[in-house]
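S.K.: Chain by chain, the residues run as shown.
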Amino acid sequence: MAGSDSGIFLRKASGLVRSASALDVFIFNIGLISVGIGVGLLMYYGAAYYPNANIWAGSLFACVLMGFIATGMLMWSVTLPRSGGIYVFGSRSLAPWLALTLSLVEITAWQAMCAAAAYWIITLGVGPALGMIGYVGHMPSFVAASDWIVSPWPLFLVGSAILVLSWWVCIGGMKRFLLSQKIAFAIAILGSALLIGTLLIGSHDQFIASFNTIMTPYIGADSYAAIIASAKEKGWGATEFSPLVNTLKVSNWAFLPLIGAAFSIAIAGEIKSVSRSQGIGMLGSIAITGLLWVTTIFLANHVIGQDFIGAASFNKLEANGGLTTPADPAISLLAGVMFGSPVLTALLSIGIIAWMWLWIPGMHTFAVRAMAAWAFDRIAPEPLGDVSPTRHTPVVGYTVSLIVTVVMMWLLVFTPVFSAVVVFIMMAILAWSIILLAGVWFPYTRPEIYSKSPIANQKFLGLPVMSVYCFLGFLAAQFYFWNLWFDPIAAGHGTVQLETVGVVFLAGIVFYFAMAAYRRTQGIDVRLAFKEIPIE
Amino acid sequence: MFWRKSVPKDELTVFFATDLHGSTICFKKFVNAAQFYGAGTLVLGGDMTGKAIVPITKVGADSYVATDSGTRITLESGSALNDFLLKVDNKGFYGAVLTADEKDELDRSEEARDRLFRRLVVERVEEWIDFASKKLAGSAVRIISSPGNDDFFDIDEVLKASDIVDYHDKEVTDLGNYRILHCGGSTVTPWDTEREYSEEQYAEIFDGLRDKIGAPGRCIFNVHVPPRDTALDECPKLDSDLKVVFEMGNPAKMHAGSSSVREAIEDIQPLLGLHGHIHEGRASIKIGRTTCVNPGSLYSDGVLQGVLVSLSGEKVSSVQMLQG
Numbered sequence: 189m190a191g192s193d194s195g196i197f198l199r200k201a202s203g204l205v206r207s208a209s210a211l212d213v214f215i216f217n218i219g220l221i222s223v224g225i226g227v228g229l230l231m232y233y234g235a236a237y238y239p240n241a242n243i244w245a246g247s248l249f250a251c252v253l254m255g256f257i258a259t260g261m262l263m264w265s266v267t268l269p270r271s272g273g274i275y276v277f278g279s280r281s282l283a284p285w286l287a288l289t290l291s292l293v294e295i296t297a298w299q300a301m302c303a304a305a306a307y308w309i310i311t312l313g314v315g316p317a318l319g320m321i322g323y324v325g326h327m328p329s330f331v332a333a334s335d336w337i338v339s340p341w342p343l344f345l346v347g348s349a350i351l352v353l354s355w356w357v358c359i360g361g362m363k364r365f366l367l368s369q370k371i372a373f374a375i376a377i378l379g380s381a382l383l384i385g386t387l388l389i390g391s392h393d394q395f396i397a398s399f400n401t402i403m404t405p406y407i408g409a410d411s412y413a414a415i416i417a418s419a420k421e422k423g424w425g426a427t428e429f430s431p432l433v434n435t436l437k438v439s440n441w442a443f444l445p446l447i448g449a450a451f452s453i454a455i456a457g458e459i460k461s462v463s464r465s466q467g468i469g470m471l472g473s474i475a476i477t478g479l480l481w482v483t484t485i486f487l488a489n490h491v492i493g494q495d496f497i498g499a500a501s502f503n504k505l506e507a508n509g510g511l512t513t514p515a516d517p518a519i520s521l522l523a524g525v526m527f528g529s530p531v532l533t534a535l536l537s538i539g540i541i542a543w544m545w546l547w548i549p550g551m552h553t554f555a556v557r558a559m560a561a562w563a564f565d566r567i568a569p570e571p572l573g574d575v576s577p578t579r580h581t582p583v584v585g586y587t588v589s590l591i592v593t594v595v596m597m598w599l600l601v602f603t604p605v606f607s608a609v610v611v612f613i614m615m616a617i618l619a620w621s622i623i624l625l626a627g628v629w630f631p632y633t634r635p636e637i638y639s640k641s642p643i644a645n646q647k648f649l650g651l652p653v654m655s656v657y658c659f660l661g662f663l664a665a666q667f668y669f670w671n672l673w674f675d676p677i678a679a680g681h682g683t684v685q686l687e688t689v690g691v692v693f694l695a696g697i698v699f700y701f702a703m704a705a706y707r708r709t710q711g712i713d714v715r716l717a718f719k720e721i722p723i724e
Numbered sequence: 015m016f017w018r019k020s021v022p023k024d025e026l027t028v029f030f031a032t033d034l035h036g037s038t039i040c041f042k043k044f045v046n047a048a049q050f051y052g053a054g055t056l057v058l059g060g061d062m063t064g065k066a067i068v069p070i071t072k073v074g075a076d077s078y079v080a081t082d083s084g085t086r087i088t089l090e091s092g093s094a095l096n097d098f099l100l101k102v103d104n105k106g107f108y109g110a111v112l113t114a115d116e117k118d119e120l121d122r123s124e125e126a127r128d129r130l131f132r133r134l135v136v137e138r139v140e141e142w143i144d145f146a147s148k149k150l151a152g153s154a155v156r157i158i159s160s161p162g163n164d165d166f167f168d169i170d171e172v173l174k175a176s177d178i179v180d181y182h183d184k185e186v187t188d189l190g191n192y193r194i195l196h197c198g199g200s201t202v203t204p205w206d207t208e209r210e211y212s213e214e215q216y217a218e219i220f221d222g223l224r225d226k227i228g229a230p231g232r233c234i235f236n237v238h239v240p241p242r243d244t245a246l247d248e249c250p251k252l253d254s255d256l257k258v259v260f261e262m263g264n265p266a267k268m269h270a271g272s273s274s275v276r277e278a279i280e281d282i283q284p285l286l287g288l289h290g291h292i293h294e295g296r297a298s299i300k301i302g303r304t305t306c307v308n309p310g311s312l313y314s315d316g317v318l319q320g321v322l323v324s325l326s327g328e329k330v331s332s333v334q335m336l337q338g
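Here the protein sequences come in this chain order: A and B.
Numbering-wise, the first sequence is residues 189 to 724 according to the working numbering.
Numbering-wise, the second sequence is residues 15 to 338 according to the working numbering.
Just so you know, the hints here were simulated from the structure itself, not pulled from any lab data.
Note that CB positions come from ideal geometry on N, CA and C, so glycine has one too.
Any given hint could be a false lead.
What the hints assert, rightly or not - Output of the computed footprint for chain B on chain A, the stretches with three or more beta carbons under 8 angstroms from beta carbons of chain B: (1) 561-568; (2) 574-588; (3) 714-721.
Kindly produce the complete structure, drawing on both the sequences and the hints.
M.R.: Here you go:
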């Protein structure tokens, strides 16, 4: 006999393991938030297009609303502690065709973001870093390399190579995947610490003096003030919205990477003590991210100046002929400029690139887990769920994911269709909000499942806690869907975007019914996978 | 059987589930799966017995105290007690209503706990047999089963005496036009469980049964432990404290199957391998010509994971993983 534990008697039996640490879930999620991308997007697009916004307040607001969404997803995770993300939740609460469609929409979004991360590694990471190192260190070959790598074909080829590298990491098995993620995570954390440290020991006067000294040959005397004046001349600073509205809008850029905080729903089945571990993991990663963002944004505004970052970014993004920095004015690069050090500039850039890289294998894996869940339910071809007998990884699934992301990279580089890649995240948010809404009714529509949940007896104002938190999460998700919808800078709702959304939704529906028909010819009724067997 | 579709003689539809670990709700679903999925044969893999007793101490005329998910609770009526007992049953645990003295004795005595465990395990198996006998009465469906490593030897006698269960271990039996090799237990585990065998012992068992299996293309392996180094035997890696090892937020994995079972499958190439033991190893794979499946287990959530396999002659015509 194994003895007594927590008021029950256990016997010697296999599988009696202790619960995993909440820290593990925290690390899983924070790696998929990409703190670095968040800061980069907020200070680049945020300062450029929302001039009177309070960026740190906007990022905190996004953290609070993401907290509601994460708590709603936590309720699902506790009630259905199975891996597979929203597909599992949807397939037990909605019509199977809708569950698959929502999952397909979500996976398409993450695949698009996977391609976008590879794209940003070059356009916001490697390219500007090479350029800035070239300017700071007076090395023209670096400047030339910077120009070359962001031109279309090199961008596509190097971006695709990054995706292939991620595929190679993923198919190599868990050991290789985890080693890669550990190295990238350590570099990313060190990069963020270095950035904060650099900003802490620097000063506003020091930055202006150093920037003017380095940039005078390229921009002219008093470059710092000249860039701000030039941007104002070109229209930067004029806005029809109040500071409050622009603060809410700028929070879109914080919300986009924050979605990663709930990605641990994909591994719910592998986490013991789901309620505690997922709760601390999800909400903890949001809190720490918020803290890092606020600290970095506050320091960057203090040392570099929000006006300057916004003005330089505006002229760069608009390509309006106004004065700007020769390379993209990312705060990591500007912090390097403050000390006139190519080495520091390179180190800070590597930190940002590491944050971006963390997304790519993580997103690939997320997509492959969902595809495996579809394959198990026989609504996708079996090979998508096959695990290689030699590598012990779903090689076919990863290969399909690679092909999809390379196609997206091509679209991203060569066509305007995917230029507003954020539209895909909007779709994913819509899918999440539908799942959260289904969670509001779940305790009533599937009482036989909900009654077995550890939260089944917890009420708030007489209502099941799952209904309450899922409703709050639904409201938060809906807020961001519409906030993005009405923000043409972040996403918007142009004809091409709406058509793209429609095509993906339609593809999901067609895919489900085509697979169901095909399976019928094999004597398999896919609907059986979603039905509960009667007990009596 | 009234719900059974008429199928050509050389076809067989099997519903296989495993590792129910005492969950009554899962067992009832398993029995009902025959009608629900149109399966002519039910195969229940091993590990049908539960792992824990939940003591419920009577503290008043109609008042009881117990622990629910780590929280001490008080049950103030007979109906509250019955609801709690049902909940405990469905999780695969054994609820035991005790006096304070009986509880004290169990706290003190490992022998007393062992006696109680064996009694409750046997009672649960008897209840299940009773349910299945009534449910499947008048049909041709029977339950084929073999033991898992966690199953007390005490259940063997009860299952062998049953009319509704064909219970075998280390034997080959007929199943229509097919033969089925039964082999329970598992390789050595960190928990030192009831029925564990070394790789050498497994090799000997297969050597001993090899001559009885007939044509490999018509042989089904009902072997609790899965073949090693496959998707079927991948489970969380544990440290010396039996705690799951996590790396970068991901549970680290290891393989806990049997290399002797894998060698036997590679060598004999049966038509189908039905495996369990590793609850996380839900997958369907091919080892040469053999289709091997492990439906995994989510017994503690009251979810029955199973696999519906259709055989046609010497072919596996379809494999469908199900959660019901």
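S.K.: Which hints, by number, does the structure contradict?
M.R.: Violated: none.
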